[in-house]
Amino acid sequence: MLVAILIIVIKVAVVFAGIMTGAFLLTWAERKQSALMSDRIGANRASILGIRLWGIINSLADALKLIFKEDFLPPKSMRFLHAIAPVFAMLPVFLTFAVLPFGPPVMIAGEQVNLQILSLDVGLLFVLAFGSIAVYGVMLAGWASNNKYSLIGGMRASAQMISYEIILGLCLIGPVLVYGTLDPGKMVAEQNLLLWGWLPKWGIFVQPLAFLLFLPAAMAETKRAPFDLPEGESEIIGFATEYSGMRWGMFFLGEFAEIVVLAAVLATVFFGGYQIPFLYGGMENMGGPGFHFPGGAYVPVAEWLVVALRVIAFTLKVGILMFLQMQIRWTFPRFRYDQLMRVSWREMMPVALLNIGITGLVLMLLK
Amino acid sequence: MIDVKPVRQIDLTFWQKTYYPEAVKGLAITFRHFFTNFFRHVGRTLGMKTKAPAVTIQYPEERRFVSPRWRGLHRLMLRPDGSPRCVACMMCETACPDRCIYITPGETSDGRIEKYPVAFEIDLLRCCFCGLCVEACPEDAIRMDTGILELGAYARTDLFLDREFLLSDKPELTTHEQYPGELEGAPVHRINLLKLAKGHGAH
Ligand code: SF4
Ligand code: SF4
Numbered sequence: 001m002l003v004a005i006l007i008i009v010i011k012v013a014v015v016f017a018g019i020m021t022g023a024f025l026l027t028w029a030e031r032k033q034s035a036l037m038s039d040r041i042g043a044n045r046a047s048i049l050g051i052r053l054w055g056i057i058n059s060l061a062d063a064l065k066l067i068f069k070e071d072f073l074p075p076k077s078m079r080f081l082h083a084i085a086p087v088f089a090m091l092p093v094f095l096t097f098a099v100l101p102f103g104p105p106v107m108i109a110g111e112q113v114n115l116q117i118l119s120l121d122v123g124l125l126f127v128l129a130f131g132s133i134a135v136y137g138v139m140l141a142g143w144a145s146n147n148k149y150s151l152i153g154g155m156r157a158s159a160q161m162i163s164y165e166i167i168l169g170l171c172l173i174g175p176v177l178v179y180g181t182l183d184p185g186k187m188v189a190e191q192n193l194l195l196w197g198w199l200p201k202w203g204i205f206v207q208p209l210a211f212l213l214f215l216p217a218a219m220a221e222t223k224r225a226p227f228d229l230p231e232g233e234s235e236i237i238g239f240a241t242e243y244s245g246m247r248w249g250m251f252f253l254g255e256f257a258e259i260v261v262l263a264a265v266l267a268t269v270f271f272g273g274y275q276i277p278f279l280y281g282g283m284e285n286m287g288g289p290g291f292h293f294p295g296g297a298y299v300p301v302a303e304w305l306v307v308a309l310r311v312i313a314f315t316l317k318v319g320i321l322m323f324l325q326m327q328i329r330w331t332f333p334r335f336r337y338d339q340l341m342r343v344s345w346r347e348m349m350p351v352a353l354l355n356i357g358i359t360g361l362v363l364m365l366l367k
Numbered sequence: 368m369i370d371v372k373p374v375r376q377i378d379l380t381f382w383q384k385t386y387y388p389e390a391v392k393g394l395a396i397t398f399r400h401f402f403t404n405f406f407r408h409v410g411r412t413l414g415m416k417t418k419a420p421a422v423t424i425q426y427p428e429e430r431r432f433v434s435p436r437w438r439g440l441h442r443l444m445l446r447p448d449g450s451p452r453c454v455a456c457m458m459c460e461t462a463c464p465d466r467c468i469y470i471t472p473g474e475t476s477d478g479r480i481e482k483y484p485v486a487f488e489i490d491l492l493r494c495c496f497c498g499l500c501v502e503a504c505p506e507d508a509i510r511m512d513t514g515i516l517e518l519g520a521y522a523r524t525d526l527f528l529d530r531e532f533l534l535s536d537k538p539e540l541t542t543h544e545q546y547p548g549e550l551e552g553a554p555v556h557r558i559n560l561l562k563l564a565k566g567h568g569a570h
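Going down the list, the sequences are from chains X and E.
Be aware that the first sequence starts at 1, since it is given in the working numbering, and climbs by one per residue.
Be aware that the second sequence starts at 368, since it is given in the working numbering, and climbs by one per residue.
Mixed in with the good hints, there may be bad ones.
Straight-line alpha carbon distances no greater than 20 Å define the calculated EDC-like cross-link-like pairs of lysine to aspartate or glutamate that follow [unchecked claim]:
#1 E:Lys416 - X:Glu347
#2 E:Lys384 - X:Glu347
#3 E:Lys384 - X:Asp338
#4 E:Lys418 - X:Glu347
#5 E:Lys392 - X:Asp39
#6 E:Lys482 - E:Glu531
Per label pair, the in silico range of CB-to-CB distance [said to hold, decoys possible]:
#7 E:Leu492 - X:Met155: 32 to 38 Å
#8 E:Leu516 - X:Leu81: 41 to 47 Å
#9 X:Leu53 - E:Leu518: 27 to 33 Å
#10 X:Leu316 - E:Pro427: 36 to 42 Å
#11 X:Leu81 - E:Pro427: 39 to 45 Å
#12 X:Leu60 - E:Arg399: 38 to 44 Å
#13 E:Thr403 - X:Leu53: 21 to 27 Å
#14 E:Trp437 - X:Val14: 33 to 39 Å
Derived by calculation from the structure, the hints in this document are not laboratory data.
These numbers come from a predicted model, not from an experiment.
Note that the Cβ used here is the ideal one computed from N, Cα and C, for glycine as well.
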């Protein structure tokens with residue numbers, strides 16, 4: 001019993017630390033990456049004892065600044081809701097990660113331990129549900145600020161998020177049909193199978209259309225460019241206008257955490273989660289742990305190394321997907337609001353529905 | 368009749384309408400920039416001689432050349448004998464669209480001029496750097512050619528410039544040699560702005 005609790009605490013700590021590190025590094029990567037791709041140098045001024053660490057110190061300085069900045073409360077705001085809104089924007093993001101597996105099940109002292117905080121049968125629904133709850137944070141922030149512009153900003157944001165939430169849900173139906181499960185853990189396990197004996201059964205190969213729709217919809221959920229109409233920091237007044245200091249920081253920490261979590265969801269559903277093609281653990285393959293290539297070649301790998309490689313693979317996939325999201329964010333100009341809504345309802349939605357239809361048809365014919 | 372401006376509709380091909388091929392093209396460009404710059408940075412860190420990874424000027428150390436016409440911090444000019452040139456005619460105060468110049472005139476016993484400024488204040492927080500004060504001045508007493516562009520301050524009062532500040536010609540004030548010899552004998556530092564800018568390695 002005690003051991004079980006300890007294991008859960010450790011898992012929570014690892015995941016939390018992972019997301020926070022990711023979010024922290026993203027605040028740095030955002031500056032450096034955007035700088036590199038536009039022939040600039042980026043943050044490099046802040047230093048500790050002359051050590052600049054390529055600008056990472058700037059992020060620390062930012063955090064310090066946010067903590068010591070004046071925390072302004074609009075006089076006629078609803079105190080409680082105003083204070084609780086950033087929590088609503090941030091907490092669901094962290095909770096979403098609970099159902100995502102970051103490594104294969106491992107045997108510790110004869111007991112199977114899933115490298116996943118919560119093994120839920122309805123894991124993907126959990127992901128979608130907490131994605132929707134993040135809307136509350138935005139809406140409450142707009143409402144509680146007692147500022148009409150913030151309220152409109154909040155409405156705009158929630159309308160956008162709900163619209164794209166629908167696309168997300170529809171896009172996930174395809175993979176759910178293919179893998180026959182809503183549990184991310186099982187879904188990842190399924191993705192180690194091979195199609196026609198050589199192609200890994202990753203989501204991106206069996207559901208390319210769903211992936212192409214999921215990626216932009218997911219980016220719209222994070223409220224970042226080219227879908228950053230909720231904020232549009234300097235041009236259109238957004239929901240967070242009346243927030244300052246660390247409360248504002250929480251919104252943006254939540255947003256960066258959202259990028260990490262999204263990368264994790266994308267990796268889980270479309271990029272085989274922790275799986276490395278042709279690498280099998282001892283439990284999954286009769287031939288022992290190691291690489292089993294289609295030609296019959298076999299490279300043995302120790303069981304613990306398989307686990308380590310897989311956790312690293314997951315981290316790498318998440319890292320690459322975060323990098324991709326950053327790149328997208330700094331490449332494209334913003335949508336106009338009517339375009340944004342049109343893309344969601346009139347262009348992505350029919351294609352998503354079509355994808356479900358095609359998937360169902362193909363699966364029926366294959367039976 | 369209301370004029371209607373026809374919006375030019377661009378006919379997109381099917382693939383352009385799906386966004387994806389164009390999006391990938393855009394990403395390819397930014398990725399190319401990212402990776403070339405990334406390897407250049409890495410190369411530089413390792414001490415290799417690679418092409419410059421950035422086109423930016425590293426501001427506090429490197430400076431761009433500031434044109435002599437550029438309107439920066441104001442200053443008041445001095446006569447060769449060191450007294451202010453300003454005759455407190457209030458032209459600049461009148462011309463200032465932001466009403467941020469405050470002059471208190473006083474009478475002088477100097478035979479040549481009637482008035483001089485007892486106090487001359489500029490509220491930089493309100494100034495829009497239009498340069499109308501410079502244009503209005505009949506005495507060439509006020510100029511904005513200091514080339515100083517760092518006008519930050521920690522308190523609002525620091526940006527309320529008084530006469531002593533405006534009249535002081537600090538060595539770091541950069542001016543161009545517009546009227547050489549005119550101020551002979553006056554305690555005025557003259558630094559060649561162009562030379563200075565070149566010395567800083569500006570492009
Ligand atoms: S630059 Fe324009 S605004 Fe500023 S003091 Fe001169 S006249 Fe006034
Ligand atoms: S216009 Fe020139 S001379 Fe007249 S008050 Fe202003 S600075 Fe002095």
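Do the hints match the structure? See the list:
no.	hint	in the structure
1	E:Lys416 - X:Glu347	violated, 50 Å
2	E:Lys384 - X:Glu347	holds, 10 Å
3	E:Lys384 - X:Asp338	holds, 16 Å
4	E:Lys418 - X:Glu347	violated, 44 Å
5	E:Lys392 - X:Asp39	holds, 18 Å
6	E:Lys482 - E:Glu531	holds, 17 Å
7	E:Leu492 - X:Met155: 32 to 38 Å	holds, 36 Å
8	E:Leu516 - X:Leu81: 41 to 47 Å	holds, 44 Å
9	X:Leu53 - E:Leu518: 27 to 33 Å	holds, 31 Å
10	X:Leu316 - E:Pro427: 36 to 42 Å	holds, 38 Å
11	X:Leu81 - E:Pro427: 39 to 45 Å	holds, 44 Å
12	X:Leu60 - E:Arg399: 38 to 44 Å	violated, 31 Å
13	E:Thr403 - X:Leu53: 21 to 27 Å	holds, 23 Å
14	E:Trp437 - X:Val14: 33 to 39 Å	violated, 56 Å
Checked against the numbered hints above, the structure violates hints 1, 4, 12, 14; every other hint is satisfied.
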